[in-house]
Amino acid sequence: MVGIAMIIIGFMLVFLGTIIMSFSHPSESDVEAGGVIMIGPIPIVFGTKKGATLAMILAIVLMALWVILALLRRA
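With the working numbering applied, the sequence shown covers 1 to 75.
For the record, the hints were derived by calculation from the structure and aren't laboratory data. Positions of the beta carbon are idealized from the N, C-alpha and C atoms, including for glycine. Don't take every hint at face value.
[To be verified] Cβ-Cβ distance ranges computed for the label pairs, FRET-style: (1) Thr48 to Gly10: 19 to 29 Å; (2) Ser24 to Arg74: 41 to 51 Å; (3) Phe15 to Leu58: 14 to 24 Å; (4) Ser22 to Ala75: 26 to 36 Å; (5) Ala70 to Ile20: 15 to 25 Å; (6) Gly10 to Ile42: 17 to 27 Å; (7) Ile4 to Leu62: 10 to 20 Å; (8) Gly47 to Ala75: 31 to 41 Å; (9) His25 to Leu72: 39 to 49 Å; (10) Met56 to Ile4: 20 to 30 Å; (11) Ser24 to Leu72: 37 to 47 Å; (12) Val67 to Met6: 16 to 26 Å.
Produce the entire structure from the sequences given, and follow the hints as far as they go.
Written as structure tokens, this is what we have:
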């Protein structure tokens, strides 16, 4: 149940972010992108500048949480 709620919250955040960005008037035309693909505990990070750095940090945190939860589940 928690997993489904997290997926729904994720979709809602993406939708809300899209709406907010569509109404904002950018003063600069600098475009940055970044993302992470998690394959099990292995993160694949791509992007430019700050986006990639933030994505890499978040991927490491998620990977650490995944390992901790897996170890706690075994005990």
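Tested hints:
1. Thr48 to Gly10: 19 to 29 Å: For Thr48 and Gly10 the Cβ distance comes to about 23 Å; the hint holds.
2. Ser24 to Arg74: 41 to 51 Å: At roughly 46 Å between Cβ atoms, Arg74 and Ser24 fall inside 41 to 51 Å, so the hint holds.
3. Phe15 to Leu58: 14 to 24 Å: Once the Cβ atoms are compared, 20 Å apart, the range 14 to 24 Å for Leu58 and Phe15 holds.
4. Ser22 to Ala75: 26 to 36 Å: violated (47 Å)
5. Ala70 to Ile20: 15 to 25 Å: violated (35 Å)
6. Gly10 to Ile42: 17 to 27 Å: This hint holds: roughly 20 Å between Cβ atoms.
7. Ile4 to Leu62: 10 to 20 Å: holds (18 Å)
8. Gly47 to Ala75: 31 to 41 Å: With Cβ atoms ~36 Å apart, the hint holds.
9. His25 to Leu72: 39 to 49 Å: holds (47 Å)
10. Met56 to Ile4: 20 to 30 Å: holds (28 Å)
11. Ser24 to Leu72: 37 to 47 Å: holds (41 Å)
12. Val67 to Met6: 16 to 26 Å: holds (18 Å)
This entry does not satisfy hints 4 and 5, going by the numbered hints stated previously.
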